[in-house]
Each structure stands twice: as C-alpha cells, then as structure tokens.
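Novice: Protein chains in written order, with the working numbering: chain G, 114 to 507; chain B, 76 to 418.
Treat the hints with caution; some may be incorrect.
[What the hints assert, rightly or not] Okay, the calculated beta carbon distance ranges per label pair:
hint	chain 1	residue 1	chain 2	residue 2	range
1	G	Arg388	B	Arg172	37 to 45 Å
2	G	Glu379	B	Asp386	34 to 42 Å
3	B	Gln313	G	Thr219	37 to 45 Å
4	B	Gln313	G	Gly421	24 to 32 Å
5	B	Asp386	G	Gly505	36 to 44 Å
6	G	Ala139	B	Tyr241	25 to 33 Å
[What the hints assert, rightly or not] Facing chain B, from chain G, some residues (calculated, C-beta under 8 Å):
hint	residue
7	Ser248
8	Leu324
9	Leu451
10	Asp454
11	Thr486
12	Gly490
[As the list claims (entries may be wrong)] Covered, in the sense of this in silico footprint (three residues per stretch, anywhere, with C-beta under 8 Å from a C-beta of chain G), are these stretches of chain B:
hint	segment
13	191-203
14	229-243
15	343-354
Hint data in this document are derived by calculation from the structure and do not stem from the laboratory.
C-beta: ideal position from N, C-alpha, C; glycine also.
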Amino acid sequence: MDAGWSPEDRAFRKEVRDFTQEKLPAAIRDKVMSGRPLERQDYMRWQDILAQKGWIAGFWPKCHGGQDWTASQSYIFQEETTYAGAPWLLPFGVNYVGPVIYTYGTEEQKARHLPGIVSNEVFWCQGYSEPNAGSDLARLSTRAHRDGDSYIVTGSKIWTSMAHWADWIFALVRTDSDAKPQAGISFLLIDLNSPGITIQPIQSIEGAHHLNQVFFDNVRVPVDNRIGEENAGWTYAKFLLGHERVLSAEIGKAKRMLERLRSLAEERNLARDPRYLENLARLETDVLALEWTTLRMLDTVMGGTAPGVEASMLKLRGSTVVQEIAEYTVDVLGHEALAFDPLFLEETINDPSSELSRNMGVVSEFLFQRAPTIWGGSNEIQRNIISKHALGLG
Amino acid sequence: MKLTLTQEQSMLADSVTRFMTGKNATGEEESIWREVAELGWLGAGVGESAGGFGGGREMAIVMESVGGNELAEALAPVFVALAILEKSDPEAALISRIISGDVVACGLLPEMAADDSLQLEDEMTSVSGQFHALANVHRARHLVLALPEATLLLSVSDANVHLRSYRGMDGKTKSDLKLDHVALSEASVLSKGPDAVAALNRARVTHAAAITAECSGLAAALFQYTLDYVQQRRQFGQPIGGFQALQHRLVDMFVAVEEVQSLALAAARAATIEDAPESALSRAIAGASDRALHVAKEAIQLHGAVGMTEDLPLGAGLRRLKVLQLVPGGAETQKRRLLQSFN
Ligand SMILES: Cc1cc2nc3c(=O)[nH]c(=O)nc-3n(C[C@H](O)[C@H](O)[C@H](O)COP(=O)(O)OP(=O)(O)OC[C@H]3O[C@@H](n4cnc5c(N)ncnc54)[C@H](O)[C@@H]3O)c2cc1C
Chain G
114 MDAGWSPEDR AFRKEVRDFT QEKLPAAIRD KVMSGRPLER QDYMRWQDIL AQKGWIAGFW
174 PKCHGGQDWT ASQSYIFQEE TTYAGAPWLL PFGVNYVGPV IYTYGTEEQK ARHLPGIVSN
234 EVFWCQGYSE PNAGSDLARL STRAHRDGDS YIVTGSKIWT SMAHWADWIF ALVRTDSDAK
294 PQAGISFLLI DLNSPGITIQ PIQSIEGAHH LNQVFFDNVR VPVDNRIGEE NAGWTYAKFL
354 LGHERVLSAE IGKAKRMLER LRSLAEERNL ARDPRYLENL ARLETDVLAL EWTTLRMLDT
414 VMGGTAPGVE ASMLKLRGST VVQEIAEYTV DVLGHEALAF DPLFLEETIN DPSSELSRNM
474 GVVSEFLFQR APTIWGGSNE IQRNIISKHA LGLG
Chain B
76 MKLTLTQEQS MLADSVTRFM TGKNATGEEE SIWREVAELG WLGAGVGESA GGFGGGREMA
136 IVMESVGGNE LAEALAPVFV ALAILEKSDP EAALISRIIS GDVVACGLLP EMAADDSLQL
196 EDEMTSVSGQ FHALANVHRA RHLVLALPEA TLLLSVSDAN VHLRSYRGMD GKTKSDLKLD
256 HVALSEASVL SKGPDAVAAL NRARVTHAAA ITAECSGLAA ALFQYTLDYV QQRRQFGQPI
316 GGFQALQHRL VDMFVAVEEV QSLALAAARA ATIEDAPESA LSRAIAGASD RALHVAKEAI
376 QLHGAVGMTE DLPLGAGLRR LKVLQLVPGG AETQKRRLLQ SFN
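Bound-form chain G, shown alone (with noise of 0.2 Å):
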C-alpha cells in the first residue's frame, strides 16, 4: 500500500536507510531490538552520530542548525530510524525545549543554548510534573521569586526522566499566586550544577532508574534564563505539548516489535499455533490503522493545518498498540519470559549473544511499556481532550 511520497521523499528515505544500517553500532542496534534499558552513553553515542551527519535536528530551521526537514520527512527519519533498531532519540532537547528557545527566547538565549543541543553536547532533561500537579500540571507549586536580577527557585519536580544524566533542566515555576493557576507560571531554564539543587532516584517497575525527584532548595536562576514573559511560560508550555504529541506515534517501533515478536515465535515453533495467529493478525491490523491514521495526519500537516485532537488520538492509539505487542512478546517467551533479573540485565547489559538477556529485555520492555498510557498527558486526558474538543461533548 503505497501513501503516495513524492520522490524526493523515497530519496530520503533511501538515505536514512542506508546511513542507519551503515552507521548504527551493532551493540546498541542489539539492545534496542531487545527491550534492555539503555545507558547514557548508548544514547549519546548514537545522538553524536547524528550530530556529526547534522540529522539531529533535522525539523530545526536551516538558521539554527537544522535541515528545514518538512513533515514528511522528519516522519521517515523517525520511522527509519526506530525500525533500524536505533535507540530513541532523547525529545527533551531536540523536541522540546530547541523549539522553544527559537521561537519565543533571546538572541542570547539562542546563541547560549541552541548549539549546544545541536552538537549533543548538552543534555536536557524536562521539569513539568510535579508531586501534586500530573494532570493538572496548572496548579504547580514550586515557587520562584525575584531577588534582584535572580530568581529563588523552591520545590520540587517529580518523574523528571533522566535527570541525573542531565545538565541542563527546563522547569515550570510559579511567579504569581495570586493570579489564576495557568496566569502565574514562567518558564526557566535551569543549570544543574547550580547550588541547591538535588537529585534522588526513584525505581520504576521493571528495576531500572530513570525516573528522579529533583529537589530546589534556595537555588538562584538568573532571570535571564526566562524564556518569554514573565507569567506567561503557559503559553510556551503548551506549545511544547503539541510537539510532544505529535511523536507519539511510533510506527517504525511497532513494526520493529512485530518483526521481533513474528522471530521469536518462530523460534519456538508457533508459527502455525492458531491462538498465536490470531493475535499476531489483531497486532498487525491494529499498526496498519495506526500507521494509516498517522499519514492521513501527516497529510493535513503538509497541507499547513496544524494538528489538534489527531495528535491526541494518536498518542491514544500509539501508546496502548506497542503496550500491548510489548506485552504479547512476553506471552510469546512463555516460561521462558520467567528468568529475570534486573541486576543480571545490568551486568551482562553488553553482552548482545546472551539469549537469556534478550528475553529479559523483552519482560523489562513490557514492564516499561505500560508507562506511555500514563505520561504525555495520560490516555484519561487524552480522551477527555477529543470528546470535549472533536465530539462537542461537555
């Protein structure tokens, strides 16, 4: 089934292909096939092979170092990508806050900060959530206020997702309370080293650590690392939602699972079990739908609509369909699924021959998996956002 793509698009494509299969090293490509957890230096290293092809902000204006990609492409070069077994290209720089920064920062604030994400020198990492704002991200409490050309910054940012490899955070703080909820928060650029500020470790359910609490105790932020108005970071904070959603989608990592599931079911001789293909035709079909919806959007993107609840709708769709394979492959291993230990799964984490490791990447895959239903604005908010904004209901 073919969407139409322009040639330039199959040439680009091609393109991707090729540099990813040529340049992608063999030990991440086999722990991203696998479900095992990454470190920092999988991600890096990979991001620094983009960086030096120039593709690591490819959807970035030519101005700030990017490629002018349109959507289309920026789509292929995730697909491509993500298929290839190339780890996740970590959005919190690139995606979110690079955006930011050029549309509503400085000329300093551009000079300071887009370079630096561009080369993959510095690692972001995004401050939102907090202990008593998830959903209602509006009613956060950590409290920044004005000391001369600084702001004081007190609280504390939770589930903030690889922080402890990060130097740089992008945070949401309160500078009025007294105006309503959304009309009293800034967005600010934050430095990690700066004094104040702690890091502690929470553990997510498949044993890994890459979920933190960072703490803000006193720590001084100059105020020329505001991005916009003051009072006014709602506005930049939901602009980066947007690009957050648009993502979601991943069409190249569902097939990669598929691909992985269709293998070790084979290896275990269930090629003709017709329990296992029933499920494989349902996970199958389900992708099919995802990946047709995601190009009907596509389509109206580069038709110059922005996206609105499709994004939503995506982001529905894309997170429970790789949960589910995710949790299908389990199903797959069968006994073989039960062997697993985080701390074995660390140890031998390079060691890509190890089948033992590869399965218990599978079990940690489908433990993580069931995180996307919940963050990104949870599959609850999500629904609420298309009922209330493409049904007119309530």
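Dock chain B with the ligand against chain G, hints included.
Specialist: Just chain B with the ligand, lined up with the frame of chain G:
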C-alpha cells in the same frame, strides 16, 4: 446450598490476614515460613485423619489471605504435595513432617512438565522429565509427582535429579528440574492404577484452588489500593475518584475482582468435594488469571506515574500475576488444554 464461610473459616481468614499484614519485607522469608508452620496453617491442606484441620476450602482461605503476599508462591506446591500424599495414604509419616515445617515437599502435575518430556520407563522402574520455573523446589527435600499411571515420591538429593535455580520475574527463586532416569524403588511408588488417577485428580483440584485463590487475594488487594488512592489523590481541585471516566473503570475492576472470587470459590468447592471436570478447572484458572491481570494493569494506570514505581506493590502484583499466567500449569497451559479438549 451454603457457599459462605463458616465461623471457623472466617476466623482462619482473619488470623492469616492479620498475620500477613506488614510481612511483605523480603529477606525474612525463611522465618515467616517457620512461623506459618508453627501456627499450623500448612495443616489447612489436609483433613484430621492426616493430622490437619481442613480440606480444599481451608487451603484456599490460607492462599487467598496470603495472596497479596509473596509467600503464596512457596505455599502452593506444598499444598499440592500434601493433597497428593493424603490421597495416597493419610497416615504417611511424611505428612506430619511437612505440616510441622520440618521438610518441604513440592507437588508436581503432568501439565507442568515440558512438552512430551515426562516418561515412566522400563515398566515403571525409572522416570524422566523436564520442568521449568518451579516454585519452592530449591528448598524441597521431596518431590511428589502425580501421574495418571502412578504417584511418585522422589528425593531431590537423588543423583539423577538436577536442579538449576535462578531469580524469577516475581523476585522469587525458580528452578528448572531435570529427572534423568531417576530409579523408582517400591517405596517411591505411592500408588498405581485407579488410585493414581484419584491422586492426580486431587492434585489438580488443589492446584486450581490454590492458584485461583492467590489470584483472588492479590486482585482484591490491588483493587483496594486503587480504590483508596482515587479517593485521596486530588487533581483539578477534586479527588480523581470523582471523575466518571475513572468511576466506570473502577467498577469494571470491582466486577472483575468479584468474578475472580467466584471462580476461586468454584475451584475451592471442587477441591473440597473432589468432583469437577478438568475443563472447568482449566477455565477457572484461565479466567481468574485474565481478570486479575486486568485489575493489576488498571491499578497501575489509575495511579499514574507513582504506579510505575517500586514504592508501591503494584508492579510486584503485575509481575506475580504474569508469572501465574505463564508458569507451566498456569493460565496459558490451561488455555492450551482447553483448546486441545475440543479436538
Ligand atoms: C516513565 C515516566 C516518565 C516521565 N517523565 C517525565 C519527565 O521527564 N518530566 C515530567 O515533567 N514528567 C514526566 N512524567 C510525568 C507524566 O507527565 C505524568 O505522570 C502525567 O502527567 C500524569 O500525572 P500523574 O502521574 O501525577 O497522575 P495523576 O494526574 O495523578 O493521574 C492519576 C490517574 O487519574 C487519571 N486522571 C487524572 N485527571 C483525570 C480527569 N480529569 N479525568 C479522567 N481521569 C483523570 C489519570 O489519567 C491517571 O490514570 C513521566 C511519567 C512516567 C510514567
């Protein structure tokens, strides 16, 4: 018809639950095991003539009450062993040594063995077979094998019994077991013919009652956690339990827990009166596992990010239920057996 608990049974449930509260810490497993034996609860699996105080229902009550706790996986195979031994000879000395906690014995069913690996050889003078991911076997001195042809009592220390133990998804030790032409003496064949079939039936109902009871206890605990949480967690200026979208999800969880309890009761009744078609036992295991898994996944989702952390026992619940689905003899095995029964 009387399906509700007797007063004694309610008291048993209460005291096991009370004992288990706060015993979730890992590492103290051995001492809990000893305490449980001292309290006499291993005797829940067998009748008075065998030195116990129960039968299928009492055993299920103990399993359900520890269902939210990791001890369940260690208890189930012991209850199966006791059931097989009692059926073979209620006066066997081994029974009382198991009940007192002196020795551990694990009961095994043919459907727990790797495909077609289980064989009685040379006119029942030796047995071979392979088993994966068995619980509690690493502590066991004896294996009690219920086969349709014969009931076997094997010693784990036999040179032809090979064990390989590893950490399982539920954090507990699992063992792969290989019986490599293990010689059978007269003493190791506990019964043959129709008696062996009867022991196997007893083993199966006990296994089904144990697994479904654990699903039931665990699902109820995960549901209660979630119900408490949505009443206390506030977002958008109200408890999230006030959102109808979540109320309906909780109702579905509640109904699922109720149905798991029903399936567990059916299996426990079957274990008491030892009368149930195999397909009903398979359906009870598969149905209880599916529903409990649904509850575990919803529990995580409705907690939000905190549900993804080891700070709460939800991930542990999901992992344990996944084990009960995939472990040989568990829900997947039963679904396969159901399909085969139509052929
Ligand atoms: C693995 C992982 C990584 C993350 N990384 C980051 C990160 O790097 N930076 C960051 O800032 N945040 C991060 N998050 C946090 C994520 O954005 C939040 O988890 C999400 O916004 C939900 O908030 P919460 O967890 O507080 O759940 P809550 O908002 O408390 O929600 C609990 C439950 O209630 C439901 N609910 C809430 N409101 C409604 C409603 N109105 N109607 C119906 N249902 C409702 C939710 O859907 C959920 O099921 C991460 C989360 C996870 C799991």
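Novice: Next step is simple, just say for each hint if it's right about the structure.
Specialist: How the hints compare with the structure:
Between Arg388 (chain G) and Arg172 (chain B) the C-beta distance comes to about 43 Å, which sits within the given range of 37 to 45 Å. At roughly 39 Å, the beta-carbon separation of Glu379 (chain G) and Asp386 (chain B) lies within the given 34 to 42 Å, and the hint holds. A hinted range of 37 to 45 Å for the beta carbons of Gln313 (chain B) and Thr219 (chain G) is consistent with their spacing of about 40 Å. For Gln313 (chain B) and Gly421 (chain G), the hinted distance range of 24 to 32 Å is satisfied, since their beta carbons lie about 27 Å from each other.
For Asp386 (chain B) paired with Gly505 (chain G), a C-beta distance near 40 Å keeps the hint of 36 to 44 Å intact. One distance hint, 25 to 33 Å for the beta-carbon pair Ala139 (chain G) and Tyr241 (chain B), holds here, with the actual separation near 27 Å. At a threshold of 8 Å, the smallest CB-CB gap from Ser248 (chain G) to chain B is about 5 Å, leaving the interface hint in force. Annotation: Leu324 (chain G) was flagged as interfacial toward chain B, and the flag holds, the nearest CB pair being 7 Å apart, inside 8 Å.
Taken as an interface hint, Leu451 (chain G) checks out: its beta carbon lies about 4 Å from the nearest beta carbon of chain B, inside 8 Å. Taking 8 Å as the C-beta contact cut-off toward chain B, the hint placing Asp454 (chain G) at the interface holds, the least distance being around 4 Å. Annotation: interface hint on Thr486 (chain G) holds; nearest CB of chain B at approximately 6 Å, less than 8 Å. Here the hint on Gly490 (chain G) is broken, as its CB sits about 11 Å from the closest CB of chain B, past 8 Å.
For the segment 191-203 of chain B, the stated coverage by chain G is violated: 0 residues have a C-beta nearer than 8 Å to a C-beta of that chain, whereas at least 3 were required. Closer than 8 Å: that is the beta-carbon criterion, and the segment 229-243 of chain B has 3 residues meeting it against chain G, so the requirement of 3 holds. Residues of the segment 343-354 of chain B with a Cβ under 8 Å from some Cβ of chain G number 0, which does not satisfy the need for three, so the listed coverage is violated.
In this structure, the earlier hints numbered 12, 13, 15 are contradicted, and the remaining ones agree with it.
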